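Turn these sequences into a full structure, and let the hints guide you.
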Amino acid sequence: MEGAADPDTPVLERTATDRAAALARLLHRECTRLLELYRRRQSHFWVRLKRWRSTQCIIDIECICACDSEVRLVNYRWFVRTWEHADHGALTKERENFLSHHVPGDERLVTLALCPEALTTAEQVGHVRSALRRCMELLECLITREVEEMGEELEGEYESLRKTVKDRLSDLVHSTAALLENGEGGCPPSPPLQCTEGQDEVEGSGSFAAKLWNYRVLLELIHWSDSASQTLHLFHSEKQGQQQQQLL
Amino acid sequence: MQGWVALALLLGLGVKRSLGQNGVGELPVPRGLIPIPDLRAQTLSLTWQSESSLFDLEIFHTELMNVVLNETVAVKADPVTGLHSWTWHSPLPLECTSHSVRIRARNQQSFSQWSPLETIPGSDIPERSESNMFPQDKVVPVGSNMSFCCIVKEKQDFKDIVYRGQEMSATRLSRRTYAITVTNQPPSGNTGTNVVCSSQLLILTGAVVFVGYPPGDEGLVCETRDLASAECSWKKGRDTHLRIKHSRTNYTLNGRECLEGKTRCTSKVWEENWTLVARNPLGTIQLTDSARLADRVHLLAPANVTAVEVKAWSATLQWSWSVAAYKKLEMVCQLQLFAHELSSTRNYSGPGLTSVMLENLWPDVDYTVTVRCGSKHGFWKWGDESTPFRIHTKMDRPDAPDVWVWMDSSNTGRVFWKPLSVRKSHGALNGYEVSQSSVEEDRWTPVSLPPGNFSYPIILNNSTDITVAVAARNPAGLSQPSTVTTPAYRADSQLSVSELLGTNGSFDLSWEPNANASGGYVVEWVPTGCSGLCTIDWKKVPKSDSSFTVKSDSLVAGVRYTVSVYALSTNAPMLLQRWKGYSQEMIPSQSVRELSANQTGSVVLLSWKAPEMKCQRGFIRGYTVYLANAAHLDLIANISDPEVQLYRVKGLSLNLYKFVVKAYTSAGEDAGSTVDIKMEMDTADMLFVGILVPLGTMFCCLILISICCYKKRDWVKKAFYPEIPGPKVPGDWSSPQGPLDVKPPPHSLVHIVDSPEWDFTKEGLFPVPEEEEESENDNIEVDTDSDEPALLRYYNQVVGDGSHSNHISDSSGSSTASVGSTQTEITYAGIQSPTSSQGACGGGGYRPQMQSVTGPAELQNEFEADFQDDGLNTGYKPQCSWQLDSPEAENFSGSLGSPTSVTSSQFLIPESSEEKPQPSNTWFHNFLSGKS
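In the order they appear, the protein sequences are chains A and B. The opening residue of the first sequence carries number 1 in the working numbering; numbering runs sequentially from there. The opening residue of the second sequence carries number 1001 in the working numbering; numbering runs sequentially from there.
Derived from the structure by calculation, the hints contain no laboratory data. Don't take each hint at face value.
[To be verified] Cut-off 20 angstroms, straight-line C-alpha distance, at most; resulting in silico cross-link-like pairs (DMTMM-like, lysine to aspartate or glutamate): (1) 1262/B x 155/A; (2) 1245/B x 159/A; (3) 1245/B x 181/A; (4) 1245/B x 30/A; (5) 1245/B x 167/A; (6) 1262/B x 148/A.
In this text, all values refer to a predicted model and were calculated from it rather than measured experimentally.
Structure, rendered in structure tokens:
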């Protein structure tokens, strides 16, 4: 009945905020998955222990890395001990499993240092949008680097999802922009990103630094997509409350 | 003066000697030592100036002053610059820590002072406080050894260095630097091998090393597609495992960089000699190829393939070339036609072929055509294939169908024709036209039938042959008619039908060639006994052949076929031969029918009928008869003649029997039919068994007993009829034949006592024993020791009449049992001596006279006791009493000899004999006496 009575602006706004929040949630899940794929993007590899060969016991290194830290450490050492007994012939590929050990510092690649203080949820949405825009730049840089480095040959699940995340992120940036009236909550434009290898790693250059940087970029994506999801959800709730008040 | 000079010389020599002994100070110290590091190559180039050519070099890790090199090298000065130079390859990256170098000149055992230390600062100096690892992004071959160092950030601890996930043993080089050495490195993954340096809490730094192989490409081949340019391709060899940009393999073809990809490179002009250089950081490989352009023509695919004229049996195909130079090229083109069962490949040649005419196509068929071409001269390979093009040929009139007529009686039959294949129908059929004409009627009467019909009935009205014509029709028209004349019907009974057995499911037929078979032969096979719409099959055989094999795919196993061979001529087909047989015999699907069992005496007659012909599924070779037991069948007969369908089972006793009869073919037995029969006795048997047999048996028993008794007559006589001594009668008893005057013998006095109480007085009689008799009785007593029974006692109810019988006090059980019986019962109470018999029997027993050996008093007592007993028991009946009472007392002489010692009068003198006394010479008496 309410839709029939007044189907115009409120419904559209509600749909847009709801859609943006859902988009952010979806993006968050995809970014999490993308990081997971990045850690093992070089395809699965399996280690078959010689001493268990008869039972065909297969140890997946990812399983070891996925455990909590203490268990992981135990498993890791066990794995190292048994490595000498492992069938090295099967081990021809590697993935960035070391990243599970890596704990980046407190400083973020994307900050809101230049943004004015956000007093309203709408302004927070504006801030999040600015962060997402920066994340977009970082992701584009990441893709450019990886394509330059690895070529276009690799077309696995990671590469496919990477493109999906980029498109989804772009969509979310535009969606959030449409939600904001008069560009509220906007932050001053950040200096253009210099997409050079290892620029954000102190004393670091080369492939290892690039891997760490990529990792940090993916962590930023997860962080800000999560933040966007929560902020947009709050924004959507507030909008709903306002509409109900208007209806009353 | 001379003395000072000599002293000076001596001093000089002494100084020189002393200097020569410690080696110091004589050779000049090398000057201007300059170490120049090459960090990427991990080398340290040293240059210095010196007049010597032999030097001692020492290199230290500066912080800990660990000597990493101490070597004597011979280095000559560069003639142009006058500098000595020497290069040291460091196993560790030079950035790992600071290195210090010093040098001294050497000449045999003498050497100069060391030069001052020259130091190359590492990255672990305090000014560079961050973590770092060396070397970075190095590309090395598989199997190589390598050292990595980790410079720990100031104020950070060091935990480990992990190479490829494996913790390595680290060596400390300086305060902040730790190093590892890895050996025999395996190939890296896509993004290199990670080396990670960690503190207890976090990753400090790391490096990536790319371990791979030099290029392994092979097989360079260049060809032209447009008759001008060149396309070279090669096969990628072993995977280099180097995928990142700066380690990927680069290719150059005749000095020009290849940009197309990893296995293909082009050149705008043909150069006949080609050199491909494949290079990556680990090595270079060079591939060559050499050929003339005409020998390497690889044509492109024909474009715009189309059919310009499509007919029923042919079509014209056209195409074009995208390269103008092809127009003059002598080429060969291959057309591949794909159709169901009609695929073929055809080659055409000519200069710049752009069209061909496809002949020998089949009408109304969908063809898919592809075209590819190649250079005719110096053929290299087929060019690319065109995209498939579809052609559908037009229809044409069908071929004449294959027709045959099958007669199922003398005046009825059915004409059959086979469906036309795609190759023969030339289009979808609309139907068939069947016409028939007879000799009398010279006109055809056509009938149209729909396309699903493949037979038509015919009737010979006046038993004359008729000719049937069948034609197929499709949209393109009517086929030529196939004609067949009805053959004469021949029943099987009119022929000698041979038995035919299949070979591997087929029938191999052969027959005598027939001169009249101008049109060849027709072999016809049809299921035997078929009526109505039967599956008739036939095959026309050329007249040159006189054999044919009916393939198994047109035959069904277990079905009896009638196979006939006809000779075809201008007249009606003539039957030459007929067989009946099975392509493959199977066991009958039906058991024998109407199995019955009839008993005749001890014989059972089994009869049955064969399974129905359709169910026989093979020639019945015979029958087997089984007697079914509880769990198995016992074969009792194998009847190998299938015409015999009854069997007699003999010698059966009275019992229940179950018979199983099975028919069998060469494939085996059927399931079998079962019949039960209970053997019963017939009337004659019952008479024989019920009457005659017991009678005969009884008679035999009597004979046997008689024989036995005769053989043992002495014993019998002694047992039943002991010899009684004859009475000693003084005088001649035998002389008078007149009436017997009974008077007591003089030596045997009988006192007769009259007593009013004892009317019957029989017990009142008692013999008075004589002395002689006593002695004789004594003798008898002695005889009782013999085996023969000395005395038998007889009990008979007749002895005492009903009034006198009182069995209550009878001590003899046997006697008691005998009293109530109507039968004579003989009880052998055992051998008794006369003396002991009194005690054993108690009262009531017989007391022969000779037993009275006691005195008169005893006698009297005994008598009284006996009397009292007799009041209760059967009393004694002395012979005299009944002899006197008996009216035939005069005939009693024959019995007189016996009853002195036998208690039973009945046995000796039966009841009947009381009325009709028998003479003493009866057969039984004679028998016992042994008289004949």
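Here is how each hint holds up against the structure:
{"no.": "1", "hint": "1262/B x 155/A", "verdict": "holds, 17 angstroms"}
{"no.": "2", "hint": "1245/B x 159/A", "verdict": "holds, 17 angstroms"}
{"no.": "3", "hint": "1245/B x 181/A", "verdict": "violated, 46 angstroms"}
{"no.": "4", "hint": "1245/B x 30/A", "verdict": "violated, 28 angstroms"}
{"no.": "5", "hint": "1245/B x 167/A", "verdict": "violated, 26 angstroms"}
{"no.": "6", "hint": "1262/B x 148/A", "verdict": "holds, 16 angstroms"}
Of the numbered hints stated above, those contradicted by the structure are hints 3, 4 and 5, listed in ascending order.
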